[in-house]
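S.K.: Residues per chain, in single letters:
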Amino acid sequence: MSSPRSATTRGGGRAGRSVAPQPPVVASGTDSSTSLTREQRLELYYWMRLTRSLEERLVNLYRQTKVVGGLFRSLGQEADAVGSAYALRKGDILSPLIRNLGSMLVKGATPVEILKQYMAKADSPTRGRELNIHFGDTERGFIGQISPLGDMVPVMAGVTLTFKMRGEDRVGLVYVGDGATSTGAFHEGINFAAVQRCPLVVIIENNGYAYSTPTSKQTAAERLVDKAIGYGIPGERADGNDVIATYEATKRAVDRARRGEGASIVELMSYRRKGHAEHDNQSYVPEGEIERWAAENDPIDRFVARLRSEGVSAEELADLDARVLREIDEATDIAELSGVPEPLDALIGIYADPPQEKPLWFREGKRAAVEENERPEGWGTYDISGDV
Amino acid sequence: MAEITYLEAIREALFEEMERDPNVFMIGEDIGAYGGAFKVTDGLMAKYGESRVIDSPISEIGIVGAAAGAAHMGMRPVVEMQFIDFIANAYDMLTNYVATARYRAFLPTPMVVRGPSGGYVRGGPFHSQNPEAGFIHTPGLKVVYPSTAADAKGLMKAAIRDDDCVLFFEHKYLYRRIKGEMPAGDHVVPIGKARVAREGTDLSIITYAATVYKALEAAEQLEKEDGLSVEVIDLRSLAPLDDDAIVATVKKTNRVLVVHEDTRTGGIAGEITARINESCFEWLDAPVLRVTAHDVPLPYAPSLEDFVLPQTPDIVLAARRLAAY
Chain E
1 MSSPRSATTR GGGRAGRSVA PQPPVVASGT DSSTSLTREQ RLELYYWMRL
51 TRSLEERLVN LYRQTKVVGG LFRSLGQEAD AVGSAYALRK GDILSPLIRN
101 LGSMLVKGAT PVEILKQYMA KADSPTRGRE LNIHFGDTER GFIGQISPLG
151 DMVPVMAGVT LTFKMRGEDR VGLVYVGDGA TSTGAFHEGI NFAAVQRCPL
201 VVIIENNGYA YSTPTSKQTA AERLVDKAIG YGIPGERADG NDVIATYEAT
251 KRAVDRARRG EGASIVELMS YRRKGHAEHD NQSYVPEGEI ERWAAENDPI
301 DRFVARLRSE GVSAEELADL DARVLREIDE ATDIAELSGV PEPLDALIGI
351 YADPPQEKPL WFREGKRAAV EENERPEGWG TYDISGDV
Chain A
389 MAEITYLEAI REALFEEMER DPNVFMIGED IGAYGGAFKV TDGLMAKYGE
439 SRVIDSPISE IGIVGAAAGA AHMGMRPVVE MQFIDFIANA YDMLTNYVAT
489 ARYRAFLPTP MVVRGPSGGY VRGGPFHSQN PEAGFIHTPG LKVVYPSTAA
539 DAKGLMKAAI RDDDCVLFFE HKYLYRRIKG EMPAGDHVVP IGKARVAREG
589 TDLSIITYAA TVYKALEAAE QLEKEDGLSV EVIDLRSLAP LDDDAIVATV
639 KKTNRVLVVH EDTRTGGIAG EITARINESC FEWLDAPVLR VTAHDVPLPY
689 APSLEDFVLP QTPDIVLAAR RLAAY
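Which chain is which? The protein sequence lines are E and A, in order. Here my numbering is used: the first residue of the first sequence is 1, the next is one more, and so on. Here my numbering is used: the first residue of the second sequence is 389, the next is one more, and so on.
Note that these hints are calculated values from the structure, not bench results. There's no promise every hint is true.
Stated by the list, open to error - Some chain A residues close to chain E (C-beta under 7 angstroms, calculated; not the full set):
1. Gly450
2. Ala454
3. Gly457
4. Ala458
5. Met463
6. Ala476
7. Asp480
8. Arg492
9. Ala493
10. Pro527
Said to hold, decoys possible - EDC-like cross-link-like pairs, simulated, lysine to aspartate or glutamate; straight-line CA separation at most 20 angstroms:
11. A:Lys545 to E:Asp353
12. E:Lys358 to A:Asp632
13. A:Lys545 to A:Glu391
14. E:Lys358 to A:Glu666
15. E:Lys164 to A:Asp409
16. E:Lys358 to A:Glu659
17. A:Lys581 to E:Glu357
18. A:Lys612 to A:Asp702
19. A:Lys581 to E:Asp353
20. A:Lys427 to A:Asp443
21. A:Lys640 to A:Asp630
22. E:Lys358 to A:Asp631
23. A:Lys612 to A:Asp590
From the three backbone atoms N, C-alpha and C, an ideal C-beta is built for every residue, glycine too.
Model the full assembly from the supplied sequences, consistent with the hints where possible.
M.R.: Encoded structure:
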């Protein structure tokens, strides 16, 4: 077994620069063989392309000021999001992180939902209450994250504890970044899941940076996957820019969980090519680093090369690209038509009981507007009679 | 019917709810094999097994978060904080995650976080706290703090059945000192309703938890020595507050003293005073007064703790000032 430092690299990171993130390492023992069919591999390509193109559309909308808040990109990380989520099946639940748009799409989130959510529309998945990809649907199998990092690890420990208590054949998967591994919530959640042998896979996406902080300033550990040893659970590291390697490594962890062998860690090595959010100018990144990753280690380029070598034609891929753009165009048209939330709807559903809060007296003049617009069925509206 | 203690009443509610609903389960530190630091959960593991009474690692973030995840999946977890002081470790999980889950993500999170609270027990700075104010301030959480054995049982049953997260503060001074008869049948006390602990007409003391008994003692003394008729309101629920009960007592006596064991600045007495000011100022014959703990961490030595916490003579003194205003 080779040492982690001497393992195969692809990104050409500069040796000896403490601020530069570690280049991705192809985990020893991971070869590129796969049991995935040609059709499944094309599906992976579709999800990766959809992720990237949807984010590119969001950039356009952001520049047109149609995105209300910040925009978070996963450029260069599409493979780790898509490949890992693809290892789950129906009934399993994942909790994404801010760069897991691809994971959510695989689990059934739609482009129109993503667009409405970013644009704070009344009929967005959170009705304008939350931002970006912070939303979920337990039926489809994803639970929305919150901003404090690491918090979803204990929550997913509880979700999977329930699977175990009920004897259900279901697995949970939770994403954290290199930064979140420093939090108390990460530690407590993973330790709890390990002790209780919850069917939980913890994916650590190591993309080199947490906001501006390189992994070298986040931890003295050489490899984040080594934390698994401390929790007494299996860990595996894989090349997160290789969608097949990501899928296969995650699948092994998912299978272990499904067999009742408890929690495990999968560290996926990747690189964050955009800033923390769209406003971030990445002044802290060493010169040339981003360009090198873009040129030499783009996950979609790599997968295209592989697919072509396996006999997929350029036309087939172009057809999928065209389908993706068509779907995004349609979704954009729908999302742009939606209205903004009714102000009084802000007061609904803090609790099951009481169902709504009263507006403060200096806002009672807002009441008139509420009767006019219908909301989707089951979402509830503010009851202006106030008799609750 | 035989009387049982405040602690036994809580335990009885836990047993009955575990029996009633298979989705109810317990999680906490040392709650199973050992039965809990105060033995509140004693006997539960023997009856319901390790899968429904989970001895957890020392991980307040972990167990509150795990409870939330289980609650999303349809379970009804009851989490014990070994001492409520340690709930501070889970503050982020409760306020950022649990409290917002229904609102931002439409995720039901029916769970109870319960634990021994309060002072007068020589517990020192980390085994005596009353941290309710921080959570009352957080929309999405409910907070109850009973003073009687019957309310402890009835509110626990209501908390477990509630579809949102309820923080259940148990006063450890009352655990074995207070006894009461349990009403027959399925005894549930609604969350959000105060209780008139003593009727009166001259002035009102609004309080909750252990200081209810100090207020009742003071009322007794004031009646004997001053001929004052003092009403005592036991809030029972702190979020939501029973505004109707507060307004009713203000209109009845026109003089209000708010008493709590929590520290003064930012304590719930300030909120109650502001609500009275906004809703029934013209019914007041005197300014609302407060008797609270001093704004210091709670010290260990009896002479220090007794000085810092509100005592019956403090309440008598304040009530006399209010009556004479």
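S.K.: If you test the structure against every hint from before, which numbers come out violated?
M.R.: As far as the earlier hints go, only 6 is violated by this structure.
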